[in-house]
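Chain order of the listed sequences is G and D. Be aware that the first sequence starts at 5, since it is given in my numbering, and climbs by one per residue. Be aware that the second sequence starts at -5, since it is given in my numbering, and climbs by one per residue.
Fair warning: there could be bad hints in the mix.
Subject to a maximum C-alpha distance of 30 Å in a straight line, what follows is the list of computed DSSO-like cross-link-like pairs (lysine-lysine) [to be verified]:
| id | chain 1 | residue 1 | chain 2 | residue 2 |
| --- | --- | --- | --- | --- |
| 1 | D | Lys228 | D | Lys151 |
| 2 | D | Lys228 | G | Lys52 |
| 3 | D | Lys168 | D | Lys151 |
| 4 | G | Lys52 | D | Lys151 |
Since the hints were made in silico from the structure, they are not lab data.
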Amino acid sequence: MDLGPHAVFIWSAYGVTALVLAGLIAWLVFDGRAQERRLADLAARGVKRRSDRSANS
Amino acid sequence: MQTITQRLANPTQFMQLSARILPWVAGAAAAIIAYGLYLSFFDSPPDYQQGETVRIMYIHVPSAWVAMAAYALIAISAFGLLVFRHPLADVSAKAAAPIGAVFTFLALVTGSLWGRPTWGTYWVWDARLTSVLILFFLYLGLIALRSSIEDETLASKLTAILALVGVVMLPIIKFSVEFGNTLHQGASILRAGGSTIDPAIELPLLVMALGFTLMFVALHLKAMRNEVLRRRVKALQMAEVERAQAGRLAAAE
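Isolated chain D, as found in the complex:
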């Protein structure tokens, strides 16, 4: 009996399984986000201090969570590649990087648009905002490093090492609001002593967070499928070239 990771280690089995799962995950993500948007705009009150701008939280916080979760996934995949040489680990790491970069970008932009009316400024160089900006550059660094090295095996190993070094950013981001002098509010949900958010505002946030997480899973599965196909194309093109060269050699003899 194979474990799920062993079954998924076979790219062909991954392609079959992901083709079946993907439409359901994408559909569930769309439905939950639609419900979350309804709650965000029509079934949640304005905040007593921030007024209507609290509605930006329903996309800002899920984007930031997914941005960090995507990096954690890249780090786990990097570990899977370097230690276990799992055949799909590098596919997973490569596929997650641009998606993680997009969600980090969204966290920064929506945070900035939320900061202007609530703090009076779009940007401040404090610990939380700066550490998330570094995470964004780290994502870009992973993408740039990989694309700058032609040898894919070497590129995957070097990118995996950078990804594991960069994992230090995750606790820095998480705790930056505790130790830094910051305008950003402290943890309100994932904190010792439980959530401090009113349920009327917490429900749409959690629904949107679930929707964004499922959307990330769907996007990641799709990106992984694309990457498996890209590697198949490359392998077949190499085989075609080798066959043509062998044919020319045979004709010359």
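Only chain G is shown next, with the shape it has when bound in the complex:
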């Protein structure tokens, strides 16, 4: 694909966008996993929400 004399600007724009969005998605996924791990740790220590306790009893 020939994008002409300004190809570097086009590829840079798409590259930055892809990189930044990939970083945002990765941050959200890892943040979600970290919260779920903390909740699991608390549950393992017997610290649960009331709704979880009543569901399990």
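Given chain G, work out where chain D should sit, using these hints.
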């Protein structure tokens, strides 16, 4: 019969519903963006004036639209928190701020990279570019203000007030190309008298805009889910500390 907002006011119901919806929204966003990229690079002509650089528009304009839509969502959420005390309003506002900041950053960077070959400069302090830069700083301000206050209830209220004050930036950005002396082109799609863009270029733009909007919805849902979980962790940690303190007091008596 509960309305959808009443149902979503319950974080547990929100978590159940969002878990079901999220994969579909994310999948649709990915598919539509993939199709949009195909149109952008392989099925759209170069512009008669700008040549190939017009392809930057297919990510620049959707990023800018999402940047403004995200701020509008934050303002609506702020209103929902201050007026209706909707339990998820603050979660929504907090979750949208970093995502909005990212899209504003992308609008600025891609615009700059588009400006160099078309205008001959990366940056000019005109009304449109400066107002979008202020929007970016406003996003950073919302994030900084919230993280600087330890009391979450107070932080949410103060952030909501700043968000509502900042909503004045949206019409300023929208109309900056009309009243300002600017290199930036005027409105081409959302304007009185209809779109002035050729359909061959407008179609990939609209497909990418739809894809970016769905991507924002998916990112926002995920960020909201993370925030609900973070608040649950915090509440449980507080309960654990209180239980331990009560236990120590009982043992001392």
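The hints, checked one at a time:
1. As the CA atoms of lysine 228(D) and lysine 151(D) are separated by approximately 19 Å, the hinted pair is consistent with the 30 Å bound.
2. Between lysine 228(D) and lysine 52(G), the direct Cα distance comes to roughly 12 Å. Compliance with the 30 Å bound is thereby established for this hinted pair.
3. Taking the CA atoms of lysine 168(D) and lysine 151(D), the gap is near 27 Å; set against the 30 Å cutoff, the hint holds.
4. A hinted pair counts as satisfied when its Cα atoms are at most 30 Å apart, and lysine 52(G) with lysine 151(D) qualifies at roughly 29 Å.
The structure meets every hint from the earlier list without exception.
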